[in-house]
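**Student:** Using the sequences and the hints, build the whole thing.
Heads up: the sequence lines are chains S and G, in that order.
The first sequence maps to residues 14 to 521 in this note's numbering.
The second sequence maps to residues 124 to 526 in this note's numbering.
Since the hints were made in silico from the structure, they are not lab data.
A portion of the hints provided could be inaccurate.
Unchecked claim - Here chain G is said to cover these stretches of chain S; the calculated rule only asks that three of the stretch's residues, wherever they fall, bring their Cβ under 8 Å from a Cβ of chain G:
#1 344 to 352
#2 358 to 365
#3 386 to 393
Just so it is clear, CB atoms sit at the ideal spot from N, CA and C, and this is done for glycine as well.
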Amino acid sequence: MAAILEMRGIGKSFPGVRALDRVNLEVEARGIHAICGENGAGKSTLMKVLSGVYPHGSYDGEILYEGRPMRFRDIRDSEAEGIIIIHQELALVPQLSIGENMFLGNEITRSGVIDWPRTWARTRELLAKVGLNENPTTPVEKLGVGKQQLIEIAKALAKDVRLLILDEPTAALQENDSATLLKLLLELKEQGVTSILISHKLNEIRRVADRVTVIRDGSTVSTLARDEITEERIIRDMVGRDLAHRYPERVPQIGDELMAVRNWTVWHPDQPRKVIDDAAFTVRRGEIVGIAGLMGSGRTELAMSIFGRSFGRDISGTVEIGGRPADVSTVGRAIGAGLSYVTEDRKTLGLILDEPIQRNVSLANLAGISARGVLSRGREKAVAEGYRRDLGIRTPSVLQQVVNLSGGNQQKVVLSKWLFTQPQVLILDEPTRGIDVGAKFEIYAIMNRLVAEGRGVVMISSEMPELLGMCDRIYVMNEGRIVGELTRAEASQERIMGMILRSEGRAA
Amino acid sequence: MTVPQHDELGVAGGAIRARLGGGLRQNGMVLALLAIVLFFVVVVRGTQGIDFLSAQNITNLFLQNSYVIVMALGMLLVIVSGHIDLSVGSVAAFTGAASAFLTVKLGWPVWAVMPAVLMIGALIGAAQGYWIAYWRIPSFIVTLAGMLVFRGLTLWLLQGQNIGPFPKAFQALSTGFVGDVFGPDKPNFTALILVALAAVAIVTSGLRARAQDAAFGTEPEPAGLFWTRNAVVVAALMFVGWKLAMFRGLPNVLIVMSVLIVLYAFVTEQTTLGRRIYALGGNEKAARLSGIKTDRLVFLTFVNMGVLAALAGMIVTARLNSATPKAGVGFELDVIAAVFIGGASMSGGSGKILGVVVGALIMGVMNNGMSIMGIGIDYQQVIKGLVLLTAVIFDVYNKAKRA
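**Tutor:** Have a look at this one:
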């Protein structure tokens, strides 16, 4: 097959950093080419070079597209050639309708005036192509993330895409949405669209990719053909070493009951319906308890409503920690009762990005670094340094702004913040989302250490293999209810999915 | 995958640059203030034959700008928490009018009027803060409404008239001077001693911070830079102190202002309360999920702002020796400009008290200097606007360069 794209010897430097160094990438036409690499390996930088975000002249090497050398000055140049990039952060305007988003900057006009009938008609055609049955006038914010992704792809189709670049398209998606998206990529491939897929999800790559290029530290490590693609091989190339076990070893030492939640019911903040319906669960000392479920099943809502009533209204039910009723009615009291909640979205809910590591670490326990309301900078720094060493936060200084850290290191900062509150029970909501394989392993190891110290951990995750690999017990949630409980020995992906599907539609 | 990750060395470089950048900004602001003062010294002498730094004019500078600095302290907290207060000019006018009403019309004594007016300020702040904090109505709208409401109430309370004059004891808030315990001869030794003590305090606290930095392994500012800056600050302080001592001594309002500056600098930088306000402005949701009562904090910053606006209102009224319906028009703009020139960020979460004080002084010196030079109010506004814009562009440019 002929190559649609050849990037030869691409190099790109930022002040003080060589982000890309002699990267070679050859993408065959009418295929799906995956790019793998740890966070910071240079994947996104490479795609920005390709799409003209970094204009010709700001990088070394050359780009051959359909056999011709390309010198893009900006993203418009590359789009004119049919190269469309869909970023991880979606570029849709939430308040505008699907149709308006579809032709944003590219409006269908008649003598300068928007031709609405044709806009809606074209939008309907494009939506059909990506398998969406939505009204073109619906505001995008009314749709879930999965459908928004599909709209981004439809938008690319509107621009006559020939090479579609997707930067972690499924990172925020549920299994079924991901499956839909991947199926669409395969269909597009049949229609002659080439895709470049950047992803951390190795099972997806194995499912759809024709070839895989692995990038490490700004250089190409390997390009694997279809029959060479295995998860083990990709991981080895990504991290440069064998990762014998994806999950660190732990001998469970489970003690008595540490936390019990009973009859927990929560109403939606502004709709007349229950988001959590009579949920109950327990956590024992030294135990990692998983909560499985699809997006929207109420996992995050359960955790947030317990943690200081941070979600919902008319909350009822009881929480016991250490055998005694715990007052968790405000965040401060929940922390005082020994509870911590590490949020799903660390950037918007967990961290103050512009502030240094040490100020983030101390945030939830300022009393711990102050006397009578007066802060001790020295103690603050010492505390942060302690966690930097303990958790292996890779940074030259705890004065570094957290915005400059990689996802894995940011997550360790959030964990440090909560560990400093001396919790008995930690609820971790998607603790490894968006972080690379190596950092995931470290986070798992930290979790193991926490339970070894006799704490309890509740792990909410959309990635079932991770739950199966880490948890002693797994609760399955669906539609706001806990619909099943599995021990480590009983648990499997099939049984979890089965519990979810069998409980479907039984909610009142 | 998000931003390209820097290698270890690059990050270290970034940290040092960020640190120097922050320091440079502070130093740069002080240098800019000195340059502007120097400019006026030369130009005012050249064109008008007047000494810009005469004792009389230095005293005037403080009297004229004290209200901006006082309100800017509160406004910094409001802006750091991610809000804005447009009503401070009207609130200052209203509280000034209230002080006149209580003093002149009702004949209340000064010791009762001052706390009462501060309380009125607190209530006004609470009334606005309530909607902003607990009902989540944008502060821009609530305080825009407050700006209109309290301007109207001022007109109503004064019936469109000026009310005055005030007893000496009230005027002393603005135009009074600290007496010299060593007798009436010049220089005023009490003033000299107080200024010298302030200078010693500045240097020792700087040295203590350096010692702390060294003890906890933070890279300290280069010694040369530290001593140069301190020498400049102390020299400027002693110069001003000497001039004031040779005139009428330290104005009362300068003492009030200095105490407030030290207090607010302490609260913002050294206390958990201050830290929580910065956290709230940096990321409200994260702060709330860390157990910080963000609603109450927002409410309190507006109460605080109301109290300081009331204090400023009394200072202005005392200086004019009468409450007027037009008092405080446009104050909010001077105050907000001072905060942004001082380096606060529009999106909240950053800004320092000392920066704000220097920012207010820059605006004040320019007002005063341009007035002495006889520059028309038309050009003055243009120039002040451009200074504000330049200061903020400079910040944005520096940030972009560091990123």
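**Student:** Confirm or reject each hint.
**Tutor:** Consistency of the hints with the structure:
For the stretch 344 to 352 of chain S, the proposed coverage by chain G is satisfied: 4 residues have a C-beta within less than 8 Å of a C-beta in that chain, meeting the threshold of three. Closer than 8 Å: that is the beta-carbon criterion, and the stretch 358 to 365 of chain S has 5 residues meeting it against chain G, so the requirement of 3 holds. Evaluation of the coverage hint for the stretch 386 to 393 of chain S: fulfilled, as 5 residues show C-beta separations to chain G shorter than 8 Å, against a requirement of three.
Every hint from the earlier list agrees with this structure, and none is contradicted.
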